[in-house]
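Can you build the whole structure from these sequences, using the hints too?
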Amino acid sequence: MIPRNRALPSEEKIISVRNLKFVYEGGVEALRGINLDIRSGEFLAIVGGNGSGKTTLAKNFNGLLRPTGGTVRVADKPASELTVAQLSRIIGYAFQNPDHQLFCASVEEEVRFGPVNLGYPEDEVKAKVEHAIEAMDIHSVRALPPHSLRLSERRRVSIASVIAMDPRVIILDEPTTGLDAGETKALMAKVSQLNREGRTVVLITHDMRLVAEHASRVVVMSDGRIVLDSDPRGAFADLDLLRNCSLVPPPVMLLAHSLAKYGVPRDIISPQELVMRIVLGKGDVR
Amino acid sequence: MESMEGPARPPQSPAKFVSPKVVALYAMLTALTTAVTMTLVIPLPTRGYYNVGESMVFFAAFTFGWRAGMICGGIGSAAADLLLGYGFFAPITLVAKGAEGLVAGILGNLKGGAPWARIAGIWAGGSCMVATYFFAEWIFLGFGVALTELPANVFQVLLGGLIGLMLSQAVAVYRNPRSKQA
Amino acid sequence: MTGFVDLFTESNSALHRMDPRVKIASVIFLSLLALIISELGYLLVLAGVMVLLLLIGRASFSKTMFAFSYVSRVMLLIVVLWPIFDPSGTPVLLEFGPIKITGPGILAGLATAVRVFCLAAVWYVLMFTTSQRDLVRALVKLGLRFDYGLSLAISLRFLPTFGATVESIKDAQRARGLELDRGGVAKRARNYLAVLVPTTITALKTADTLALALQSRAYGARADRTYLRELSMRAIDYVALVVVVAAFALPFAAKYLLSMPL
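Chains as they are written, first to last, in our numbering: chain A, 1 to 286; chain B, 1001 to 1182; chain C, 2001 to 2262.
No lab work stands behind these hints, which were simulated from the structure alone. Predicted, not measured: the structure shown is a model, and the values here were computed from it. Cβ coordinates follow ideal geometry from the N, Cα and C atoms, glycine included. Check the hints yourself; a few may be wrong.
Capping the alpha-carbon separation at 27 Å, the derived lysine-lysine pairs in DSS-like fashion look like this [unchecked claim]:
1. A:185 x A:128
2. A:128 x C:2187
3. C:2141 x B:1021
4. A:128 x A:13
5. B:1016 x C:2141
6. B:1021 x C:2205
7. B:1016 x C:2187
8. A:126 x C:2187
9. A:261 x A:59
Computed spacing ranges between beta-carbons, pair by pair [as the list claims (entries may be wrong)]:
10. C:2216 x A:70: 30 to 38 Å
11. C:2260 x B:1139: 16 to 24 Å
12. A:231 x C:2185: 52 to 60 Å
In structure tokens:
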């Protein structure tokens, strides 16, 4: 049984993108017409090989990049009318390299930086900072300089500093790079918790196991286009598509595919499910 | 079994080179100065641009000493001139910023970097830089241009000194002691 | 736009092929030449030579325009401001209070501006036709100690990297609400720290790793090293060198030994 006690996404479209095109200076066409609606409360995974346009797309959400064609709407307002700072109230972006964001003398100051920039009154800043520190479990290091911490802690500080801005959407760009299995599990548990609290999570990754375990929806990108947009089961069913995008489905799924001729369904996304299906026969374990 | 002689010392390099640490550090500081000079410019309300590279000269001098300030600040700034297309300024910049780094490094590190020492360093180093530019511009570009550039250069030094000082304070937190983390 | 246009452009002109040491020497001699000539007419000739060099080197028009955008501003300032502070000679064209605008004053201003153009152009030709790697090698061949040369080479190699890092950090901090284009001087200083501190710390961490990498590659085992491509002077390089030295020496002699008006 896969525990998925997250809130169901509402019908509100928090980010809405129509025919989004983006061309870098120098002529590289990174996005070739993206259509996507992200619903508030979703846990969306954006996956794709290197150069498929994942990060470019995410940066178009929060205004760091502006579309060369098409439109982006955030919380039902055109993003073009909002500055990056204004958009950062709604969309938080935790960069892949936490060292690019850390610069304060202590973790606490670091987490304060965002909400202070947004101009919240002091008592609200304190509350948001406390909440973020609790959520990312960095209370024990709050007085230390961020750069003296290990990578997994620096990641959590960087994410906490984004959460403290109290955004409705959090974009995480490859947050588990460089983390060991235990650290990955711990971090993703906290990210799931954020989603359960009602925040929309956009996870950019190429670790399909994370996608299987946490995401409610997957968007597969290739060469600047969305080639698949469905729930994880649907995404993993098409092995050829994934292979063409340089993506590897979770091992258990490959196993299920190999066992398909013995009657095992292909859309298995966890080992427990595989065991259920094989041992208990064709029971419905959803 | 070999006897233990304590921590092994790496063999001394036969070539009389500066240590790899210095090569690496000076390379990074110089590149940093050039990169910052070329990419971080603050448009000033009254005139042109102020470039943040000024602060890197002071930073290098305060944190790493007068040699680093002179070499990295001087060469880094001059390289920026070369790469931005006004290479003829490069020799002047080399002397101006080199002197700035030298003086700021010597004065600024007195008494372990006391606040008054830092201020003296900024003031004296900045004066060297402003004076060098003023006289060089007077000779090569005429008194009029030299005079026009003067207030802007003074402002640049003050702002650069301030930012450089804050930068060295912020980084000092990490340098001693730095715990060995990933 | 930021200045990370790499001035060097791959091409196969005569200047590209010239030994970089000769080019460096040319820059020095031609700069000195521009400095000793003060007559506007001769400076214009020199400027013409510079343009010729740019053409021989197949300079890209857009990059040249970019490089000269700053210089042209300086030239304009000189032309406008010089006559105000140089009241020498006759005829006096305009006078208000202590300020006398004279004919010779204007000409001197123009001459200085053209000189600046020549100086800028000669350095630009060097940067445009010589790769950074060749520049460093030339310096080492001319006597720069290998470890200094190495430090310089590493520094150049990391420039684009740091440029990209600065941009990335700017983005990351903007995503936290940092606004770099607002605020008074004090606020802006603090804002720039949010970009400078991560950049500097990243650079220092890189320095640590680099030092280890150098040690593990037998840095310092020998005082010299061999190169895949050696710099060697061809006959035409010597000819060019002679021409450049003569181009400087003859006017120098004319002006200072024969007192010709140059």
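Evaluated hints:
Distance restraint check for residue 185 of chain A and residue 128 of chain A: the Cα-Cα separation of roughly 25 Å lies within the 27 Å cut-off, and the hinted pair is therefore satisfied. Restraint check for residue 128 of chain A and residue 2187 of chain C: the C-alpha separation of about 23 Å stays at or below 27 Å, so the hint holds. With a C-alpha separation of about 24 Å, the suggested pairing of residue 2141 of chain C with residue 1021 of chain B holds against the 27 Å cut-off. With a CA separation close to 25 Å, the supplied pair residue 128 of chain A and residue 13 of chain A stays within the 27 Å bound.
A distance of roughly 18 Å separates the Cα atoms of residue 1016 of chain B and residue 2141 of chain C; the hinted pair therefore holds under the 27 Å criterion. Proposed proximity of residue 1021 of chain B and residue 2205 of chain C is supported: the alpha carbons are some 12 Å apart, at most 27 Å. For the hint pairing residue 1016 of chain B with residue 2187 of chain C, the CA-to-CA distance comes to about 47 Å; that exceeds 27 Å, so the pair is violated. For the proposed pair residue 126 of chain A and residue 2187 of chain C, the alpha carbon gap of about 22 Å is at most 27 Å, so the pair holds.
As the CA atoms of residue 261 of chain A and residue 59 of chain A are separated by approximately 43 Å, the hinted pair breaks the 27 Å bound. Roughly 50 Å separates the CB atoms of residue 2216 of chain C and residue 70 of chain A, a value that falls outside the hinted 30 to 38 Å. Distance hint check for residue 2260 of chain C and residue 1139 of chain B: the Cβ-Cβ separation is about 23 Å, which falls inside the suggested range of 16 to 24 Å. Checked against the given bound of 52 to 60 Å, the beta carbons of residue 231 of chain A and residue 2185 of chain C, roughly 53 Å apart, stay inside it.
Hints 7, 9 and 10 from the list above are not met by this structure, while the remaining hints are.
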